[in-house]
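Protein chains in written order, with my numbering: chain U, 433 to 797; chain X, 433 to 797; chain W, 433 to 797; chain B, 433 to 797.
Calculated from the structure, these hints are not laboratory results.
Remember, it's a predicted structure, so these values are computed and weren't measured experimentally.
Some clues are possibly wrong.
Said to hold, decoys possible - Examples of chain X residues toward chain W, derived with CB under 8 Å:
hint, residue
1, D462
2, K519
3, D520
4, S540
5, Q541
6, S556
7, V592
8, L738
9, M744
All residues carry an ideal CB built from backbone N, CA and C; glycine is no exception.
Residue strings, one per chain:
4 protein chains.
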Amino acid sequence: MDKPTRRIGVLTGGGDCPGLNAVIRAVTKDAIHHGIEVLGIEDGFLGLIEDRIRPLDERDVSNILTIGGTILGSSNKANPAKMPVGKDKSGKIIYKDLTEACLITLESQGIDTLVVVGGDGTMSCAAPFVERGIRAVGVPKTIDNDLWGTELTFGHLTAVEIATEALDRIHTTAASHHRAMVVEVMGRNAGWIALASGVASGSDVILLPEMPFDIDVVNEHVAMRSTKGKRFTIVCCAEGAYPRGGAQVVERNDPMSPDPIRLGGIAKWVSSQIEEKTSVESRHVVLGHVQRGGTPYAFDRILATLFGDAAMDLILNQRYSRLVAWQNGRITDVPLLESANRQRLVPADDPLVAAAKSVSTCFGI
Amino acid sequence: MDKPTRRIGVLTGGGDCPGLNAVIRAVTKDAIHHGIEVLGIEDGFLGLIEDRIRPLDERDVSNILTIGGTILGSSNKANPAKMPVGKDKSGKIIYKDLTEACLITLESQGIDTLVVVGGDGTMSCAAPFVERGIRAVGVPKTIDNDLWGTELTFGHLTAVEIATEALDRIHTTAASHHRAMVVEVMGRNAGWIALASGVASGSDVILLPEMPFDIDVVNEHVAMRSTKGKRFTIVCCAEGAYPRGGAQVVERNDPMSPDPIRLGGIAKWVSSQIEEKTSVESRHVVLGHVQRGGTPYAFDRILATLFGDAAMDLILNQRYSRLVAWQNGRITDVPLLESANRQRLVPADDPLVAAAKSVSTCFGI
Amino acid sequence: MDKPTRRIGVLTGGGDCPGLNAVIRAVTKDAIHHGIEVLGIEDGFLGLIEDRIRPLDERDVSNILTIGGTILGSSNKANPAKMPVGKDKSGKIIYKDLTEACLITLESQGIDTLVVVGGDGTMSCAAPFVERGIRAVGVPKTIDNDLWGTELTFGHLTAVEIATEALDRIHTTAASHHRAMVVEVMGRNAGWIALASGVASGSDVILLPEMPFDIDVVNEHVAMRSTKGKRFTIVCCAEGAYPRGGAQVVERNDPMSPDPIRLGGIAKWVSSQIEEKTSVESRHVVLGHVQRGGTPYAFDRILATLFGDAAMDLILNQRYSRLVAWQNGRITDVPLLESANRQRLVPADDPLVAAAKSVSTCFGI
Amino acid sequence: MDKPTRRIGVLTGGGDCPGLNAVIRAVTKDAIHHGIEVLGIEDGFLGLIEDRIRPLDERDVSNILTIGGTILGSSNKANPAKMPVGKDKSGKIIYKDLTEACLITLESQGIDTLVVVGGDGTMSCAAPFVERGIRAVGVPKTIDNDLWGTELTFGHLTAVEIATEALDRIHTTAASHHRAMVVEVMGRNAGWIALASGVASGSDVILLPEMPFDIDVVNEHVAMRSTKGKRFTIVCCAEGAYPRGGAQVVERNDPMSPDPIRLGGIAKWVSSQIEEKTSVESRHVVLGHVQRGGTPYAFDRILATLFGDAAMDLILNQRYSRLVAWQNGRITDVPLLESANRQRLVPADDPLVAAAKSVSTCFGI
């Protein structure tokens with residue numbers, strides 16, 4: 433009676449990712465089990481700014497384990513500390529710090545702890561709140577699996593499965609038509625999806641952002657396969673891969689960089705180069721958003737459930753400002769802001785890179 | 433003893449398609465069962481020109497039922513009557529009629545009947561042979577399901593399933609981020625894949641080549657959904673769809689037509705228009721080759737087996753120059769060259785169009 | 433104003449089936465579009481007896497297209513004309529006619545037309561209402577595809593796909609271990625699922641209820657394959673298949689029939705016979721309920737949408753006492769009670785049976 | 433020239449498992465890359481006894497990455513040290529030690545190192561060879577993931593995915609019909625598959641061999657759910673799960689133990705108990721061999737490739753009598769025979785058990 437009920441708020445930020453709903457479900461069920469109320473904050477930090485918040489009960493999280501995306505909605509761009517609120521006369525965007533509005537929402541809704549599910553950017557948005565003493569725990573989320581501090585995140589493996597299935601399908605077309613097929617998968621800065629799906633599908637060439645490639649080496653590999661009677665080649669290419677040195681180097685992440693090798697265009701460029709230099713007919717495919725939506729595979733539902741449970745454990749043990757993490761094959765946790773501005777990239781000596789080389793995969797280097 | 437063994441040759445032409453191997457398997461098994469020898473012609477009519485032909489026995493067609501593509505290989509461009517053999521001084525391609533070379537191959541290999549598996553183009557290539565008295569039966573093949581004379585072809589439904597699965601995945605992303613998502617599926621001239629996968633996935637807008645759309649109608653539909661609380665829209669768009677009238681009309685099938693609405697670019701254009709006119713964030717995805725490769729779904733394996741069996745029935749009954757077909761829910765056959773230069777397009781009063789309208793689907797008209 | 437709003441009631445009866453929700457969605461959306469109110473009746477005729485009825489609006493049928501089962505619930509046994517209401521002293525079940533209670537519900541809820549989605553049994557339950565002048569239209573539903581009057585029903589193909597995928601998986605185990613594997617699929621009286629999934633998976637033996645088999649013929653086929661170097665055999669067996677003649681004949685559909693060949697036990701019996709008589713190691717698998725649940729494949733979502741739309745067309749055109757049907761590759765309709773007590777069985781000369789024989793499939797006869 | 437070529441032999445033993453071919457492929461490609469010849473031994477140790485051995489080149493391992501089972505074949509029972517060779521007069525099986533025959537095969541084929549891919553039993557068969565100085569490295573294989581010394585094995589996750597997909601499908605049937613559904617998955621002694629697929633599918637009850645359950649607790653959970661308005665229950669049950677204490681305890685692994693709770697019958701028994709005691713209609717499904725065959729999911733192809741690569745690393749570094757293993761999220765190795773006669777069971781305090789309890793899962797205890 434005299435002990436007031438605790439109340440936590442959950443939000444999901446950044447790009448969607450299969451498994452988000454499994455986290456929301458685990459947190460909500462576990463909290464209710466411990467007599468803690470759960471509020472769902474809509475569309476990430478935007479809901480906190482605009483006070484769009486609704487209670488979550490067991491019914492709300494029933495049957496969501498298999499559903500992709502997030503029942504709470506997300507927003508890619510809402511950073512309370514720097515919200516675009518309009519434009520000045522010269523057309524420049526005016527930003528405003530709306531942290532205070534969020535604090536008022538937290539206060540008025542009686543939220544004593546935030547569960548923040550998101551990536552690097554979302555955790556950065558949480559920083560000002562942590563610094564002002566708001567209790568928060570984080571759950572890492574990234575399709576690309578490039579978050580510093582955790583070796584694995586939910587959703588990543590689902591993306592790898594989807595990419596692998598696509599590569600499997602394309603394999604038969606390549607073989608039937610004696611073509612090179614260049615398939616572009618997600619991964620702007622880190623090539624984990626390309627590496628994993630490339631190995632899983634037995635791709636002949638894998639191109640990663642971490643290893644700028646030499647297009648001549650790629651072409652030689654394609655040509656070499658032809659002479660060995662292999663009349664087709666599969667290239668699995670991260671969207672952020674780029675050719676080594678010289679005039680071909682482009683600004684990654686810069687949508688304004690010149691065609692044809694700007695971000696998102698690398699598969700097309702590699703394909704055109706192969707066709708031009710090797711006389712092997714070539715096609716390209718950009719998988720795009722298909723990789724991040726839909727029903728999570730079993731593994732990611734499990735990992736997300738473990739992460740949600742671990743987040744609640746942190747709260748129950750009053751260990752705030754921590755980020756759930758996976759290290760050495762086990763759940764653990766790290767400082768919430770540890771991963772800010774740091775990325776986990778594929779190292780040159782990664783065991784999977786070595787294994788790929790052992791089965792004759794070309795990395796274009 | 434005195435009756436010489438019959439010998440048939442099988443070739444697959446045009447783009448690959450799930451179910452080709454099921455046809456090859458059915459023809460080969462059935463032929464062997466009737467004491468007929470089977471020769472596999474490699475890479476479509478190219479193998480006939482170059483005399484690349486190998487015997488097929490039961491072992492060759494074992495375990496291929498589930499494999500996409502074609503074990504015989506295919507070629508998109510080999511037309512014996514008009515083969516490119518080089519360039520003249522001005523760079524113009526020189527064509528030559530190599531029909532005679534093919535006839536020599538048929539003679540020397542002792543092939544008395546051709547089984548031609550392919551689409552419109554492949555059947556056209558077969559015409560000169562039929563005219564010279566070569567026995568041939570055809571099996572229709574088209575991912576797009578736009579071949580005149582048959583209501584259904586194998587591979588089409590597999591493409592529809594793959595497109596639908598992609599649309600399902602994209603649905604959760606659209607809902608989580610309150611976006612419009614424009615998904616481009618195959619279909620240059622006919623919108624069967626877009627219509628079927630659009631209805632199967634519950635897409636909100638379906639754009640077909642047969643119904644030039646008004647982008648304003650599309651935008652109004654997106655906006656109307658927002659006002660009704662539906663914060664996202666899925667657009668399923670055939671690659672050959674195009675906006676109605678005016679300056680925006682582009683030459684379909686002309687790769688030289690100006691950006692941004694040229695073939696293959698329609699999804700991007702629609703997406704940009706939605707974002708510009710409705711303030712709803714929008715993304716596009718081009719599914720591409722993923723739709724035509726890989727393991728066929730059960731239905732297509734069955735249909736392809738029925739087609740292969742029907743082709744052998746034609747041969748056993750000495751009914752040559754016929755094309756296997758599916759009409760009124762049953763196997764039948766039509767004149768081999770009936771479908772040349774004619775396409776089966778989606779009629780405005782197709783029952784599935786009507787059903788789609790009944791569940792509030794917008795066709796942009 | 434002066435024209436009162438129409439109000440229809442929808443119920444789903446019998447075993448669940450992928451696509452039921454697509455029908456409910458199509459009917460509801462189309463009705464609302466025409467200004468007709470829709471009421472959902474819970475758990476089939478049971479909801480009509482117990483007056484458990486709720487309005488359905490667009491929101492209720494949003495996002496249900498991909499979900500298996502039925503959002504309305506179903507009941508296998510509720511026949512208003514003969515409801516079990518208790519037991520007499522001797523333990524015999526007492527039945528009561530509750531048709532009147534249903535009529536009162538219809539009256540009080542203002543339902544002017546019933547949309548009955550179900551199989552043979554459900555349509556029989558609808559008969560007394562039709563006879564008393566209640567307006568009703570039917571939508572056929574059967575996993576087994578054995579309903580008289582329609583050549584195709586939604587859900588059937590999903591079952592075939594699921595069974596085929598299972599047979600594909602089992603294929604590699606059989607091949608690795610040189611075993612016979614006997615896989616039992618659904619189909620008590622009709623073998624459509626076994627025939628289709630058997631052909632699609634390239635099963636070596638297919639056993640159907642319509643063709644009592646000779647176990648010696650099956651064993652000879654297994655042994656013959658061994659001598660030809662094929663060290664494994666896949667048997668696809670309908671649950672209602674049974675051996676021909678003699679003491680082995682069992683009462684189908686009689687759960688009391690003696691082991692080991694009673695319904696549901698046929699796969700086990702065939703497997704034990706193979707192992708005993710041929711020295712080929714053998715295993716069996718009973719797929720069971722996995723075949724009837726979960727997300728429908730695209731084709732069934734389309735067919736169910738067409739069926740729902742056709743049901744509404746009947747209502748809008750005031751053509752009552754009709755059952756939507758699929759004949760000759762097109763939507764049509766037949767008298768509602770036409771299918772009562774009649775089944776569509778696999779004929780001996782079905783084209784797919786012929787095609788299966790062409791690729792050397794053994795039917796045990 | 434003066435350095436003779438090395439020659440290794442690869443065999444796969446025990447039950448098949450998705451990923452075996454990925455191991456064979458990785459070993460073969462890597463070996464050839466290092467100038468080492470590879471021989472494939474057919475049907476596990478049986479091929480060594482019977483000298484059925486064939487060379488493997490790149491072509492043999494091309495396109496096998498996605499194929500389930502093992503291209504080399506396997507045998508469950510061939511233990512060279514104790515081979516059944518016939519029966520004596522009293523019908524007792526006569527065993528013979530055929531180790532010597534195997535050594536002759538190794539000698540005559542010039543095999544200097546064995547790569548043994550298998551589980552506990554297969555490694556035990558390898559022991560006499562290791563003791564006689566034959567160089568060997570092992571790769572662990574178990575669907576159940578219960579091998580001591582490694583936290584993860586390929587194939588396990590594929591089984592979990594297949595089981596989860598089946599549970600997803602059954603979920604909609606249970607919900608539509610307000611039933612309890614009891615699904616039996618693999619796991620005689622260890623419940624890893626049941627635990628993982630149970631959590632991934634959101635099963636309400638999970639029964640493991642490691643935690644003998646109280647059927648009354650299960651029934652209470654089913655009844656409790658009914659009172660809370662949840663009209664269905666999913667039970668995910670390992671095949672080796674069994675009720676606690678009393679007369680109901682049966683000999684696990686003893687096929688002769690009395691019905692109805694003998695191995696393989698537990699799902700049926702639980703289902704019948706639920707129906708009898710709670711008045712909730714109940715059904716059971718035994719997934720069986722479907723779980724162990726077919727195309728491996730991407731994760732298992734990757735893990736198997738890493739394992740094959742690690743086995744070759746051991747050989748190249750001349751570290752024999754070692755078993756490749758996965759510990760703490762990384763590849764490592766342990767003594768080859770370490771895992772003999774020891775199993776890795778689910779501990780009561782496993783994090784996934786804790787997470788399952790957090791989301792209200794009942795373990796029947």
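Taking the hints in turn, this is what the structure says about them:
no., hint, result
1, D462, "holds, 4 Å"
2, K519, "violated, 46 Å"
3, D520, "violated, 50 Å"
4, S540, "violated, 29 Å"
5, Q541, "violated, 24 Å"
6, S556, "violated, 27 Å"
7, V592, "holds, 5 Å"
8, L738, "holds, 5 Å"
9, M744, "holds, 7 Å"
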